[in-house]
Amino acid sequence: GAGVSQSPSNKVTEKGKDVELRCDPISGHTALYWYRQSLGQGLEFLIYFQGNSAPDKSGLPSDRFSAERTGGSVSTLTIQRTQQEDSAVYLCASSQRTNTYTYNEQFFGPGTRLTVL
Amino acid sequence: GENVEQHPSTLSVQEGDSAVIKCTYSDSASNYFPWYKQELGKRPQLIIDIRSNVGEKKDQRIAVTLNKTAKHFSLHITETQPEDSAVYFCAASRVGGGSTLGRLYFGRGTQLTVWP
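Note that the protein sequences, when read in sequence, are chains L and A. Just so you know, the first sequence maps onto residues 1 to 117 in our numbering. Just so you know, the second sequence maps onto residues 1001 to 1116 in our numbering.
There could be a bad hint or two in this list.
[To be verified] Partial selection, computed: residues in chain A whose CB lies under 10 Å from chain L:
id	residue
1	E1039
2	Q1045
3	T1078
[To be verified] Chain L stretches covered by chain A per the calculated footprint, using a threshold of three residues with CB under 8 Å from any CB of chain A:
id	segment
4	75-81
5	106-112
It should be emphasised that the hints constitute simulated quantities derived from the structure, not laboratory data. Keep in mind the model is a prediction, meaning the values are calculated, not measured. In this text, a Cβ means the ideal position worked out from N, Cα and C, and glycines have one as well.
Construct the entire structure; sequences and hints are all you get.
This is the structure:
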């Protein structure tokens, strides 16, 4: 079946502009994660949605970052007033939790490469 | 929260040699430890995982060991091949209650290079 998809694959924007990044998780997956990966760096956790629970926003670096997940499926990560340090690859992942004791693999999307000029 | 440390940050080995990557974690409640491989320009993919009720798990040339007492776990790759060259990430997670259920805490990654 289809994997996690993200759009756009590349985004170039000017400093100060707002951007929206989209993630389509695998159908039926209840958990959705956003990560940021700067060049040559690790995976920086941003936000985590699990079903109808309140999202874990503890990784968002500033109030310029926000994310929504509509209808428990598609998610949008919004970065307002972009800065050059926001340049990175933004990865989305989803997983399926069927019960409390299920250890669920995270399936990653291809990422969106954001460049802020 | 959980803190995962990963070492080394870079590792170079000759083809055929073994490679070992080590991680430590801080939260004794963590009970699931996956390893992800990310090839250049590609997305991370799960290669092996281990649960806290198991001390070792093998899958062909790769194995993972877990020491709960010391709170560390390791990835072992034997008979390395050039196609094993990639960045490897360890992670820890706590399953069972709480809002952090399912969240993976990643290490910073290890760039493995296998020379032919």
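Exercise. Could you check the structure against the hints above and give me the numbers of any it violates, in ascending order?
Key: 1, 3, 4
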